[in-house]
Each structure stands twice: as C-alpha cells, then as structure tokens.
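Colleague: Chains as they are written, first to last, in our numbering: chain A, 25 to 296; chain B, 65 to 246.
Quick caveat, the hints were computed from the structure, so don't treat them as lab data. A couple of the hints might just be wrong.
Taking CB as the label site, the calculated pair distances span [as the list claims (entries may be wrong)]:
hint, chain 1, residue 1, chain 2, residue 2, range
1, B, Leu219, A, Ala240, 29 to 35 Å
2, A, Gly280, B, Arg137, 33 to 39 Å
3, A, Arg281, B, Glu166, 34 to 40 Å
4, B, Asp113, A, Ser243, 38 to 44 Å
5, B, Leu229, A, Asp34, 35 to 41 Å
6, B, His130, A, Asp33, 38 to 44 Å
7, B, Arg137, A, Ala240, 39 to 45 Å
8, A, Arg268, B, Leu229, 46 to 52 Å
9, B, Asp222, A, Ala239, 54 to 60 Å
10, B, His130, A, Arg242, 46 to 52 Å
11, B, Asp222, A, Gly280, 42 to 48 Å
12, A, Arg276, B, Thr212, 47 to 53 Å
13, B, Val106, A, Ser26, 47 to 53 Å
Coverage of chain A stretches by chain B, computed from C-beta distances (three or more under 8 Å per stretch; other residues unrestricted) [claimed, not checked]:
hint, segment
14, 28 to 38
15, 49 to 62
Note that beta-carbon positions come from the ideal geometry of N, C-alpha and C, so glycine has one too.
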Amino acid sequence: VSEPKRFLDDPGELSPAERRALEAALGERPPSGAKRAVLGAVLGNLPPSVDAPTGLEALGAATTKATGSALAFGALAKSAALGVALGVATTVTWVSLRPSDPRPIAPAPPAQSAPGRAASPPASARSAAPERTPAPDERTETQALRGKASSSHEPDASSAPPVHPVPAHEPPAPSTGAFPDDATLAPTTLESRRLAEARALLRSGNAVAALAALAAIRSEFPRGALVQEREALVIEALLATGKRDEARERAREFLGRYPTSPHAAAARRAAE
Amino acid sequence: MGGAVTFDELYDEHFDFVWRSLRRLGVPAADLHDVAQEVFLVVHRRLGDFEARSKVTTWLFRIAFHAARDRRRRAHVRREVLDTTALDHSVDPATDATALLERRDDLALFDEALDAMDLDQRAVFTLFELEGLSGDEIADTLEIPLGTAYSRLRLARDAFRRAVLRGEARRRGPRATAGGKP
Numbered sequence: 025v026s027e028p029k030r031f032l033d034d035p036g037e038l039s040p041a042e043r044r045a046l047e048a049a050l051g052e053r054p055p056s057g058a059k060r061a062v063l064g065a066v067l068g069n070l071p072p073s074v075d076a077p078t079g080l081e082a083l084g085a086a087t088t089k090a091t092g093s094a095l096a097f098g099a100l101a102k103s104a105a106l107g108v109a110l111g112v113a114t115t116v117t118w119v120s121l122r123p124s125d126p127r128p129i130a131p132a133p134p135a136q137s138a139p140g141r142a143a144s145p146p147a148s149a150r151s152a153a154p155e156r157t158p159a160p161d162e163r164t165e166t167q168a169l170r171g172k173a174s175s176s177h178e179p180d181a182s183s184a185p186p187v188h189p190v191p192a193h194e195p196p197a198p199s200t201g202a203f204p205d206d207a208t209l210a211p212t213t214l215e216s217r218r219l220a221e222a223r224a225l226l227r228s229g230n231a232v233a234a235l236a237a238l239a240a241i242r243s244e245f246p247r248g249a250l251v252q253e254r255e256a257l258v259i260e261a262l263l264a265t266g267k268r269d270e271a272r273e274r275a276r277e278f279l280g281r282y283p284t285s286p287h288a289a290a291a292r293r294a295a296e
Numbered sequence: 065m066g067g068a069v070t071f072d073e074l075y076d077e078h079f080d081f082v083w084r085s086l087r088r089l090g091v092p093a094a095d096l097h098d099v100a101q102e103v104f105l106v107v108h109r110r111l112g113d114f115e116a117r118s119k120v121t122t123w124l125f126r127i128a129f130h131a132a133r134d135r136r137r138r139a140h141v142r143r144e145v146l147d148t149t150a151l152d153h154s155v156d157p158a159t160d161a162t163a164l165l166e167r168r169d170d171l172a173l174f175d176e177a178l179d180a181m182d183l184d185q186r187a188v189f190t191l192f193e194l195e196g197l198s199g200d201e202i203a204d205t206l207e208i209p210l211g212t213a214y215s216r217l218r219l220a221r222d223a224f225r226r227a228v229l230r231g232e233a234r235r236r237g238p239r240a241t242a243g244g245k246p
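One chain only, chain A, in its complex shape (with noise of 0.2 Å):
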C-alpha cells in the first residue's frame, strides 16, 4: 500500500472549511500557563524521596537561606550534562546543602531563539509544529520553566537584574519548547520545592502547617511564576481547615484574576 499524501499538503484534496479546520489544529497550542501549572502539580505530586530529597524540615532552613539550591529533578543531571562547571558546583553544594554562592556565575545556557513564525500554515505538515514566537506572558513561564530545568543555581533575592545570556552551544531543540532562555526566573525551582513541601503538609492532613507554609511562600516570592498553583493550594487548604468562607471568598478572587487558569475549575467548586 503506498502512502497518502498528507491532506495540507494536497491543495486539490480539501474543500476551505477542511483546510481551515486543519490549520487551526496545526496552530492549537496550550493556553497560556498550562505548562507551568501542570509542572507545579507534577512536582508537588512526586514522591518525597525523589521530590525533596531534603525532606521537610528542610522547609524551615530553606526559608532561612535564601541562597539554597533546592533543585527540582533532573536540574543536576542537565546541569552535568550541559558540561556547565556551575553544575558540578552547585551538585556538591547541594548534596551537602550549604548555602550556595548567591550570585549566579553565569546565567542558564539556552536553547534557541524560537524563530518568529507566523500562523501561516506551512506546506508540509511535518514542519508544522507549533514554533512560534511565544506571546510575553508565555515566555515569562517559559523561561520560569526553562530557568528551572537548566539553571541550578538560586539567585538570592536582591541580585541584579539577570543578564541575557549569549546563545550557547545547545544543539536546537527539536520542537515545540524552544524559547529563548534567560535567568530570570530561577526562583521558580525554589517555589515549585516550596509548593511541593506545603502541598506535602496538606496531603499528610496537616492543614494549618500547610497554611503557615503557603503564607511564607507568598512573602517570598510575591510575584513568584506560580502564584496560581498556590493560591489554589491556598483554597485547598482552607477549605481543609473549616474555613469556607474565607475559602470562598479567596476563590471568587482567584476566579476574577485568573478566569482561565487551570485551577478555575477547582475554584469555581469552591467558591460555590
């Protein structure tokens, strides 16, 4: 049997209401936040062993140092992998978990400029992936991602502005998650660890201590990449404690900034 040809790539074959149908497909992409919210529960969903390897009562002494690197997993691997010297820096600084050099050496290498692409659907279907130059709100979660997944390294919170990396080495990546890369947003390591930690307390029934968690998080991180992820905990976890109408009353908040955000479902439930 030989192959078809693709539909797209077949301009006799489709009637305009096909086309279009299949070129909207082709330039769906997840909303905007998706990818950082999803990554938040998956790390507050990892098994403590693999998630925090220095457990709980490394909520309290993270808290104190600001300069800690609590790496989500993986982050070593790639920083060896990368052949960054930082990494192995910060792998030994880790494991015996003292504080960190405040100030990051270099800022995280990055992949590739996404290239600008307009929605213009391309001949050939293969090609077609969603590149596209990532809308500002995006990239800033992005780059939050990519700042987890290639930097290991916590800037304190005073640090200067990042500075924008010269592109490295990196081969491209392949497809859809090539954004430019940038330092910025680090922390973002440290507050999915700390979402991680007080969705742990709340998971284990410890309600209150979760809240007290949340609220230190919140502090630390006002403007943290995953404010949504913990307002939701938030929510959540009043709503463990008894307290509804605050719960309530924090959900039609959460709705009103966030209408669309991947926790609205959950939020809509609790502000009923």
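We have chain A already, so just place chain B on it with the hints.
Modeller: Structure of chain B alone, referenced to chain A:
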C-alpha cells in the same frame, strides 16, 4: 535521543506535544490539566526505563494515548457538550480579534470532526495529518500493523469530511440543525 535525556528537557521540549495530543485524543478541556499531569508523572517514573530504541515522542504519545483512553472510560458519560473553555484557551493570543474568532470557529469545526471518530481513528488521523508521521511510524507508535493504520486513516478521513460538511451546513443555516440549507 540518547539515554541522557532528563525529565526537565523532556518536559520543556515536549509538553506542547503531549498537551495537544491529549486534546486531539478527546480529553475534555476541564480534564486536560489533570491528565497531562498524570502523563508526566508516568513519564517521570518510567524515564529510567525509556530506551532510545524508539523516538521519545513515540513513547510519550503511547503514554498519552493510554491516559486518554483511561480518562475516556472513566468519564465517557460526561462527554456531551462542546467544551468552549478549550477554545478560549487554545488560540494564539497574538492574532487579532477577528482572526481569533474565525480560528476558534475553525477549531470548533475540527473538534466536531474529531468527535465523529473513535479514539483509534483520532490517533491515526492527527498523527498523520498534523504531526506528520508516516504510516510506518504510526504503526510503530500505536503498535498496530501498517495495513490497520492505513485503514483507520481512510475511515478517519471519511469521518472528517462528513463531519466538516455537516458542521459547515449547520453554520450556514441560521439556527438550522445538521443538514440545514444555506
């Protein structure tokens, strides 16, 4: 992809692929977050077992496919309404409002067409038409014979065309149901 791929790299590079695969496999918008999370938890757990024999996207799609099928079994009762929140989310905000509306409409049409397919057909159709996989690659991904892949593609294409025709007719006919004349 060598064995050195880390979860972070994988997540960063393939999150969009997993997300849109789940969408196209019929996971409702309200469930996408949860199902994507399930997929990546499985990915994280099994990353050590992943062998570079297959492409990473093949592996990811298989996991996504199973997750979508499970979700479908659990929630098939709830699958009745066109979930417009998905559409609110899914169009590129960079486009202007008119284009956005048109795009949303086109996407709704695409969703309707997918709804006319069963899960296996959806998988074959979207992998072939949108992800650009070859018949062989699809057969490998779904672990089915090549002939089966092609026959599913044929059925899926028929379903797609019929559904687009129906959808178009309905859109042209004011308040008309399927089959309404322009």
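Colleague: None of the hints should be skipped; say for each whether it holds.
Modeller: Now for the hints, and whether the structure bears them out:
In this structure the hint that Leu219 (chain B) and Ala240 (chain A) lie 29 to 35 Å apart at CB is violated, the actual value being about 56 Å. For the pair Gly280 (chain A) and Arg137 (chain B), the beta carbons lie near 36 Å from each other, so the given range of 33 to 39 Å is met. The beta-carbon spacing between Arg281 (chain A) and Glu166 (chain B), approximately 29 Å, falls outside the hinted interval of 34 to 40 Å. Our hint of 38 to 44 Å for Asp113 (chain B) and Ser243 (chain A) holds, since their Cβ atoms are close to 41 Å apart.
Remark: the range hint 35 to 41 Å for Leu229 (chain B) to Asp34 (chain A) is contradicted by a beta-carbon distance near 18 Å. For the hinted restraint 38 to 44 Å between His130 (chain B) and Asp33 (chain A), the CB-CB distance of approximately 30 Å leaves it violated. Our hint of 39 to 45 Å for Arg137 (chain B) and Ala240 (chain A) holds, since their Cβ atoms are close to 41 Å apart. The hint said 46 to 52 Å for the Cβ distance between Arg268 (chain A) and Leu229 (chain B), and at roughly 50 Å that hint holds.
Between Asp222 (chain B) and Ala239 (chain A) the beta carbon distance is about 58 Å. The supplied range of 54 to 60 Å therefore holds. The hint said 46 to 52 Å for the Cβ distance between His130 (chain B) and Arg242 (chain A), and at roughly 38 Å that hint is violated. The hint said 42 to 48 Å for the Cβ distance between Asp222 (chain B) and Gly280 (chain A), and at roughly 46 Å that hint holds. The hinted range of 47 to 53 Å is satisfied by Arg276 (chain A) and Thr212 (chain B), whose Cβ atoms lie roughly 51 Å apart.
The hinted window of 47 to 53 Å between Val106 (chain B) and Ser26 (chain A) is violated, with their beta carbons roughly 36 Å apart. For the segment 28 to 38 of chain A, the assignment as covered by chain B holds, since 4 residues bring a beta-carbon within under 8 Å of that chain's beta-carbons and 3 suffice. For the segment 49 to 62 of chain A, the assignment as covered by chain B holds, since 12 residues bring a beta-carbon within under 8 Å of that chain's beta-carbons and 3 suffice.
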